[in-house]
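**Q** Okay, here's what each chain looks like letter by letter:
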Amino acid sequence: MSTREIGACLSTVAAVLLLAMSAAAQGPNLGQPISQADLAPWDLTIMPAGTGLPPGGGTPAQGKVLFADNCALCHGDEGKGGIVEAVVVTNPPPLSGPGSVKSIGNFWPVATTLFDFIRRAMPFTQPRSLTDDQVYALTAYLLYMNKVIGENERMDATTLPG
Amino acid sequence: MKTKGRHLAADVVGGNGLLHRRALLGHGLALAGAVGIGAGFSTGAAAEPLTEPDWSLIPGDAMPPYQVPSPFEKSVVRLTDNPNSQPVISHARTPHHLLNGIITPNGLHFNVNHGGVPAIDPSQHKLLIHGMVKRPLVFTVEALLRYPMVSRINFLECGGNSTPLFSNEPVQATVQQIHGFASCSDWAGVPLAVLLEEAGVDPKATWFIAEGADAPHLSRSVPLSKAYDDAIVALYQNGERLMPGNGYPMRLFLPGWEGNMNTKYLRRIKVTDGPALTYHEAHTYTDPLPNGKSFQFYFVQEVKSFITSPSPGVRPKAPGYVEISGVAYSGTGRITKVMVSADGGASWAEAALQEPALPKAFTRFRMPWHWNGRPAVLQSRAWDEAGNAQPTRAEFVALRGETKSPAKWPQFPSHHYNAVASWAVDAKGEVRNVYA
Chain C
1 MSTREIGACL STVAAVLLLA MSAAAQGPNL GQPISQADLA PWDLTIMPAG
51 TGLPPGGGTP AQGKVLFADN CALCHGDEGK GGIVEAVVVT NPPPLSGPGS
101 VKSIGNFWPV ATTLFDFIRR AMPFTQPRSL TDDQVYALTA YLLYMNKVIG
151 ENERMDATTL PG
Chain H
1 MKTKGRHLAA DVVGGNGLLH RRALLGHGLA LAGAVGIGAG FSTGAAAEPL
51 TEPDWSLIPG DAMPPYQVPS PFEKSVVRLT DNPNSQPVIS HARTPHHLLN
101 GIITPNGLHF NVNHGGVPAI DPSQHKLLIH GMVKRPLVFT VEALLRYPMV
151 SRINFLECGG NSTPLFSNEP VQATVQQIHG FASCSDWAGV PLAVLLEEAG
201 VDPKATWFIA EGADAPHLSR SVPLSKAYDD AIVALYQNGE RLMPGNGYPM
251 RLFLPGWEGN MNTKYLRRIK VTDGPALTYH EAHTYTDPLP NGKSFQFYFV
301 QEVKSFITSP SPGVRPKAPG YVEISGVAYS GTGRITKVMV SADGGASWAE
351 AALQEPALPK AFTRFRMPWH WNGRPAVLQS RAWDEAGNAQ PTRAEFVALR
401 GETKSPAKWP QFPSHHYNAV ASWAVDAKGE VRNVYA
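For the protein sequence lines, the chains are C and H, in the order given.
Quick note on our numbering: the first sequence kicks off at 1 and runs consecutively.
Quick note on our numbering: the second sequence kicks off at 1 and runs consecutively.
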């Protein structure tokens, strides 16, 4: 090891010590570092511009089948008449203050919200059981049924935020 | 000795029998006599001769390791729904009409759970902080328990509290049904800013996204400034670890802000440069206004008060002295004044504020009242140290609107309702919800 290398080592040690001291002054520092790869399975956040959307995709036709199998029990056939708020509202009344119907077609500001919520929370009794392709397909189906997209439009990381 | 006339002038301070608040400080008997009702003297039948009751003649029971209320208090419970865990949201409402003071007992704190109450093993639970930070970090519960903590007495209120009052016609419901989504506790935990500092926040970051470990993985976006103001990762509630329904083993606590943002079962904080527009912020807690715009990202639970007694089901027992009591609170600071009316807002008198009156906490107010046995309409109105006044219903509806047709309890026509509320007392003492 050359003198220069030793010098570099010492300055690194000094820097680490300084960092440790300044960090210790702020708090106990009991957090464990984690790599981006290791935290990725928990990173469900999707931003309105589409950041965070996974690979894959799906169509309304694929979503129609999945909806009948996974969603209709609570949300009703084709998203109407279930035990919870309707997820398909074909002719929403105009928004008019308290008591308005806040539907996917007339109220939700961005489509990424729909993908994000289905992926993190649905189906109610088995959240996180759907694949990303299935979530895209269900998102496409609900956007189509609420007249936001056409019958044959495929939703993926590029088309969904658009 | 004062004359009857001087007592009257000095001590009746509001229409329909409101008395000066000093009547609460030991002057009550003189006052009651002064207003000519004779309530300063016992007018009932003579008491029975006194004897030793059974429980005074034998030693009592052993003490349980964790005590619970007397069996005679069985009716003091939360109002719950969804007992069979149907796949819908579950609610439990605080019985304000049966409580006093400012602290909500842990077993009676309100809950809204969007996917049931998760059974979390604290030894397996983790909190991840990542996103726009230098060092993504994972904290165990055990690690967080070793951090320096702060504790504060703060209210927590669901954005859906009191919202049946958006109905254009008054719903008939109790104070628990209408206002039961607000509670107040001593919350202790680790300042979020300390944990963010350790992770090293990017100076360009402006928001963070919080997420729970419950089945819905409930997620909300919060301006980063709140983390540096007073946000904590709460671990204790009224001295003991959080109740399961309140977020055990840890929750985000944002003093004064919309309940739903105070993410329970907190497992992840992602630092970002914008909000994620999650379901609950883009849909549930965004509300259409009468002018066609929408009310979004409003965060603060604004200055508010409501009377807990008398209230529906808690009737004045007889004409004479009645204490009007309730809670006031504000997400923007201390309560500085509460005015009470017994004549539907025609006249007002200042209520006594029970100390302590803490920022962003329930403040108990009390108002002595001589009820003459005739119909009355009781109201309370609060002011906070930031200068905000609780709006009248007319002022509130002009801005936020009301339903076109009558709503039914427990509907949520909109959110963040903080207008003056009114209870009508009829000649029998029955109390019901009215607009006045």
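Hints were generated in silico from the structure; no laboratory data involved.
Beta carbons are placed, not taken as given, at the ideal position from N, Cα and C, and that holds for glycine.
One or more hints might be untrue.
Derived SDA-like pairs: lysine to any residue, alpha-carbon spacing no greater than 25 Å straight-line [claimed, not checked]:
hint : chain 1 : residue 1 : chain 2 : residue 2
1    : H       : Lys226    : H       : Asn84
2    : C       : Lys80     : H       : Lys226
3    : H       : Lys226    : C       : Leu30
4    : C       : Lys80     : C       : Thr90
Covered stretches of chain C (chain H as the covering partner; in silico rule of three or more C-beta atoms under 8 Å from a C-beta of chain H) [said to hold, decoys possible]:
hint : region
5    : 59-66
6    : 75-82
7    : 98-107
8    : 124-130
9    : 150-162
**Q** Compare the structure with each hint and give your call.
**A** We went through each hint and held it up to the structure:
Proximity of Lys226(H) to Asn84(H) is assessed by CA-CA distance (about 37 Å); at most 25 Å being required, the pair is judged violated. With a C-alpha separation of about 40 Å, the suggested pairing of Lys80(C) with Lys226(H) is violated against the 25 Å cut-off. Note on Lys226(H) and Leu30(C): the hinted pairing holds, with a Cα-Cα distance of about 23 Å set against a maximum of 25 Å. At roughly 10 Å between alpha-carbon atoms, Lys80(C) and Thr90(C) fall within 25 Å of each other, so this suggested pair holds.
Counting residues of the region 59-66 of chain C whose C-beta sits closer than 8 Å to any C-beta of chain H gives 0, which falls short of three, so the coverage hint is violated. As drawn, the region 75-82 of chain C meets chain H at 0 residues by the rule of a beta-carbon pair under 8 Å; below three, the given contact is violated. Taking a C-beta to C-beta cut-off of 8 Å, the region 98-107 of chain C contributes 5 residues in contact with chain H, enough for the three needed, and the coverage statement holds. Check on the region 124-130 of chain C: 4 of its residues sit with their Cβ under 8 Å from a Cβ of chain H, so the three-residue criterion for coverage holds.
Coverage of a stretch by a chain is defined here by at least three residues with a beta carbon nearer than 8 Å to that chain's beta carbons; for the region 150-162 of chain C and chain H the count is 0, and the condition is violated.
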